[in-house]
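Residue numbers (our numbering), protein chains in the order written: chain A, 15 to 220; chain B, 12 to 149.
Treat the hints with caution; some may be incorrect.
What the hints assert, rightly or not - Label-pair restraints from in silico Cβ distances:
1. A64/B - H98/A: 46 to 52 Å
2. G84/B - E58/A: 26 to 32 Å
3. T130/B - A83/A: 31 to 37 Å
4. D211/A - T112/B: 37 to 43 Å
5. E126/B - G108/A: 56 to 62 Å
6. K32/B - T149/A: 55 to 61 Å
7. A64/B - D160/A: 45 to 51 Å
8. E126/B - T139/A: 29 to 35 Å
9. K32/B - R112/A: 33 to 39 Å
No lab work stands behind these hints, which were simulated from the structure alone.
We put the CB at the ideal spot given by N, CA and C, even for glycine.
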Amino acid sequence: MGRVPREVIERLVVLYIIESFDKGVFGKVRLQKVAYFAVKDLPEKPLSFMVLNHGEFSPEISAIVEQLASMGYIAAYPLDTGEHGNQYRPTSKGSLPRHSETLNRYSQTLKEAIDDSIAEYGYRTQEELLEAAHTDALFVVADFADMLFTSNLPEMVQIPGMNDEEADELALSLDPGFISAARNVIRSFDESKVDFDMVREADDLL
Amino acid sequence: MTWYGRRTISYRFIAHREFRKQHEAFVKDNPRLVNALVTQYKKAMVNPAVGKAMRSIPLEELRGRVRRLYVGGKKKYRFVYFFFAERQVVLAAWISPMPRTKLDYDKLEWLETAEEYCTDLIEGNVEAFEDWSSLLAL
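With the hints as constraints, model all of the structure from the sequences given.
Structure below.
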């Protein structure tokens, strides 16, 4: 059974949410609230949430959105509603079936909770969405800056039905450090002035 | 296509000095896997497409050019290399410093190592690289 770092699941969850919307997610607040409602009642929570200015907020989501953009999975465009903020769209819809399957393998419960949350809350108006969020049972008894709940995934997460190689591919493909490093090397090589005919031969391998 | 003695080698296997450090550390820590590791180097050199490509990333420039092979039972260690077909070069990149099951992914220094490669590639520092092709052809 393949295993991946918990951060891979966290990124996969956020990416899957963005990919599942018809035309991407309109605004970070919407993304935050949909994710909140998806995970709040799950025994195994991939994301943490606390109370900040707009209510339920996950610091992980905020960071992950930037990471997904840096890896080329999503792109940010200005909202066309006249409001400040961005809509987040996947750069390729072709990955949705694969990510859906992977998430389902990891936890059918989690995937279905996300699907249900998008269906229930994803297309509400901003006002309706915030109304639902601010009347949520956990939220109404919390104070500003309180943690509503913390992520409780283990450091390494097992994915049933996934072999070691598939798990490694998944982990690398959602590792911002690896993707950036690989991209930098490839671009540098393409611009390289190194004449490989002049590279000296090694004397030994040990 | 380049000839080395009686054998044809399709690509040149190039290693940066930073990769040599990774290689030597691996050899020191895993003497029983040296032959297996060198076998993977040879495979990458003779047929770079043998390594697993990154199929699921959105950046097209990476997909076919970043490849990986595994060393040790149950794919214990990962060897990552770049494959530049147009210049017939295989550039060795990273070896897992420890078994993948024990890896702390936060501690992998992808960007730091890459920076070394990138600086020397851009500045044309030939002396930072070695050609391992002849040794692997033996």
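Could you tell me which of the numbered hints above are not met by this structure, giving the numbers in increasing order?
-> 1, 3, 5, 8
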